[in-house]
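Peer 1: Going down the list, the protein sequences come from chains A and B. Take 1 as the starting number for the first sequence in the numbering used here and just add one per residue. Take 1 as the starting number for the second sequence in the numbering used here and just add one per residue.
Some clues are possibly wrong.
[Stated by the list, open to error] Below, in silico cross-link-like pairs of lysine to aspartate or glutamate (DMTMM-like), each with a Cα-Cα straight-line distance of 20 Å or less:
#, chain 1, residue 1, chain 2, residue 2
1, B, K77, A, E254
2, A, K70, B, E92
3, B, K77, A, D665
4, A, K546, A, D665
5, B, K77, A, D35
6, A, K546, A, D331
7, A, K78, B, E92
[Said to hold, decoys possible] Simulated restraints, written as ranges between beta carbons of each label pair:
#, chain 1, residue 1, chain 2, residue 2, range
8, B, W67, A, N790, 38 to 46 Å
9, B, R75, A, W100, 22 to 30 Å
10, B, R86, A, G420, 52 to 60 Å
11, B, W67, A, T79, 16 to 24 Å
Calculated directly from the structure, the hints in this document are not laboratory data. The C-beta atom is built at its ideal place from N, Cα and C for all residues, glycine as well.
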Amino acid sequence: MAHTPLWRRYLRFFGANVEADVDDELRFHLDAKVDELIAQGWPRERARAEARRAFGDIAAVRQTCQGLGKQSEEHMRKTEYFVGWRQDVTYGLRQLGKRWATTLLALLTLGIGIGAVAAVFSLLHAVVLRPLPFREPNQIVSLWSTRQGRNDVVTPRNFDSWRRGAHSFRQLAALRRITFTVSEGGKATQIPGGEATSDFFSLFGVSPVFGRTFTTEEDRPPRLNLVVLSHRLWHERFAEDQGILGRQIRLNRESYTVIGVMPARFDLRPEGEQLWIPLALSGQEMNWTGGVLYVFGRLRPNVTLRQAQAEMAVMARVLQARYPDMNRERDISVHDFSSDLVGDYRQQFLILLAAVGSVFLIACANVANLLLARGAGRSRELTIRSALGATRSRIVRQLLIESLLLALAGAALGLLVTGGAIRIAKLAGGAVVPRLSEASVDGSVLVVVLALTFICTLFCGMLPALRAAQVDLQSALGQGGRSSAGLVRDPARSAYITAEVGFALVLLVAAGLLIRTAIAAQNVQPGFVPDGVVTARTALPTTVYKTANQVVSAYERILDGLAGHAGVRSAALTSKVPLGTSGAGLVLKPNAVIPPLKNELSTELQYISPGYFTTMGIALVRGREFNAHDRAGSAQVAVVNQALARRLWPGQDPVGQLLRLPEFDTGSPRRKVIGVVADVHGDGLMMPPPTVLYVPFAQVPINPWQWTEQSLYLVARMQPGTLADSELLEFALKTVDSQLPLGDIRTMNQRLAQSVSAARFYTLLLTILGLCGLVLTGAGIYGVVAYFVNRQRAEIGVRVALGATRATVLMFVVRQGMRPVLVGIGFGVVASFVTSRALASQLYGVGSMDPITFVAVACLLFAVAILACYVPARQAARVDPMVALRTE
Amino acid sequence: MEQPELELLRGTLDLLILKTLTWGPLHGYAIATAIRRQTDEALLVEEGALYPALYRMQAKAWIEAEWGLSENNRRAKYYQLTLEGRRHLRSEVKTWKAYANAVAKVLQATQLPAPGGS
């Protein structure tokens, strides 16, 4: 009888051993057969042979069985594994349900955290990260004529020269943004549109959904009355009429034939052009010295932006020599089109994402602390499990599954939060921010939510899980689940607090700087008196009002009608209102040149009627305002604002000085400065006031009128107690010409509110996030210290029994809690020095290193932390030593 | 040995093993012996063929195995029917009987059945 050698049993020591099992089983069979045959009287040797014969091919059977055995072993292992997972999930759910209060708290924290991060990401994705819906969008560039670092629109002559001379571009197209008066379907309204070159559409690689765009022939004078509609206009004005092609529509009092409709994806900006007609520059327009064109280019396949920029720099020098009048000091800059479109928002969204991410991490740290505390409370349960044979990895897995379940539930809640937040964001900014309206919970957002779920599972769950799995059987069971490890001896908790405080400080510094900015903006004097002033824009069609004389006399009649109206205290006309947001019209920035050609600078130019300064409430500093005698035939005059006076004639009296406007005035006669007015924050309260040159509207030549579509703003200051309404303005227009449009109707107070609304919203958002971070951090500190006090009850009891006073106990606890807080404040201040620099471009009236903000925020955090420590510390100080020791 | 050898129909060995196991847990050798005795040594050609069948049925969860001690105190692997195995056996027996009946009818027929009859 061959016995199983003893060592074979050890083969089974590490789980099932299929090969040994098969061998054992077959050997048993043969041995049993041999025994039986011997019992029947066979000799041993023959019995062995007979047993083997009766069995058949032993080697083959063994091989088959081992193969089958291994397969089923594998299968079983897998099944067992999955059963284990299912057990863990069920157990985890039960555990979470059992401690529902903590669970709910953690769930809400995570849900809001994940949701907020995902929402901001989805906005960032929709507006900035998503590629533009064009063919090879990174080849598309925009080109600007720059002077003194400021991007200006391009003159027709320059555009033509670029198109002929530049080799870096496969195509160069131009667009002139103008406002159309559409009288289709009743009331005349103004709609932004453009005159485009024939390759404007093909440059973007977008073809119309219906019909066609302009041909090269149609892009030559005389301009044909053809129009391509945007999808938005087609949808809003024409109810998606399928038979729109060939239809005649009234634009600027002329009949235009619709030849095409662009797809919805070509509507990039909420306030973008809604219809296009051929640009077809005429010879006269070619000689315009003012810039009117937005120029776009598509780079050749292996030309980089830098190479294109280098070529255009050379081109700029050539053009300076060839057309010195329009190109004095002018460079050409080439920009990535997408960054021109959404560049401002990239930084804002990234800062917002960073802020939301910080709040998320603070929230995660709180949840981690919650789980740590819970893990410590559960040490008894886990000890029993491991005593019953659960491996350490199994316990870690079990706890991680619990965190994962928590995080998944949080993610589900987060998706709801995301959906809601996106909807709010669309309501708030959909009308201003390009592409925001397309934000949604899509695949990329889901990926981010999943990633956040796993980050937060690991961040929140890993440490508590590892910690919990480390329990020492003996001591934990012996102590009834209490450990005496204090806060000081627990670097993990301290680290969480330090991190939370650090993040909160950075957030609060950012919010603080923005709040200081908002306060500074609040105190800015706009330079005009907004109350009771209503403004609206109109335009005289070039087809009817053909000479400067006709334009001026029509506007004078309109002004007379408006001023004579009861309830109007004073009225005026201007080419630009302060804080105007409308993209229509043109900001003229000609060179003001003082003879001899020494001092020269580009400035904003505004043409106004007499009485504008009085009506707008802009203070006259020196000299006089324009009056009715400043007309086309009389002496050429101008008024400067203080900023321009300082730049052109520092330390001198501006009144009586002479200057020329070579790009503006035909023949560039000298204009005499007759007055100085106060500065107006025309580009926004947080922007420095621009230099402005005012000329009387009666002295504007016909060309500049045409550059600005012969449009002016009507300004009326109402009598106190009279309501400003648009009907009044409309009435004044209608008495002169019943078909004139009226657009951009707003009171100056509305403009003022609107100009700060975006910045204010942004500040509000960051402030809310900062406060969230502060509250969460306070709660986190409180939680940890309270937990510490709870755990240390016995030690505190002993201290009190040994004669410690209430004050010493208080100090003891507070010191424990404040140590990581102070470290966190230190880290946070250092980090803020770096991060607040990213904010610099959005600050006004406060430096990014503003010491007041830093100190105030640090003090605020310190105070909150002290409070968060003090509340549990007071409880600790009330510990009755007898009770504390007895309950131990 | 010159006994008449019958080709084991596919699945028949499984059926025999399952039936044998209805008497209680048995190790491989005992199953082989039981089948040999009950079929008068007519069916089981090679005892070794038993084991792959056992392993296969174990994978299908018709039987389960456990190590135990044999009558003479040696480690032996005992097989036992599972609920699933019992159910399978019942349905197989039914099929087998129907099959055998059908074959027997044909073999015992005395004349060609009349056309049109069912």
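Peer 1: For every hint, state whether the structure bears it out.
Peer 2: Tested hints:
1. K77/B to E254/A: Given that 20 Å is the threshold and the Cα spacing comes to 101 Å, the pair is violated.
2. K70/A to E92/B: violated, 27 Å
3. K77/B to D665/A: violated, 111 Å
4. K546/A to D665/A: holds, 18 Å
5. K77/B to D35/A: holds, 18 Å
6. K546/A to D331/A: violated, 34 Å
7. K78/A to E92/B: Violated. K78/A to E92/B sits at ~30 Å, over the 20 Å cutoff.
8. W67/B to N790/A: 38 to 46 Å: violated, 52 Å
9. R75/B to W100/A: 22 to 30 Å: Violated: the Cβ-Cβ distance is about 52 Å, outside 22 to 30 Å.
10. R86/B to G420/A: 52 to 60 Å: Cβ of R86/B to Cβ of G420/A: about 58 Å, so the range 52 to 60 Å holds.
11. W67/B to T79/A: 16 to 24 Å: holds, 20 Å
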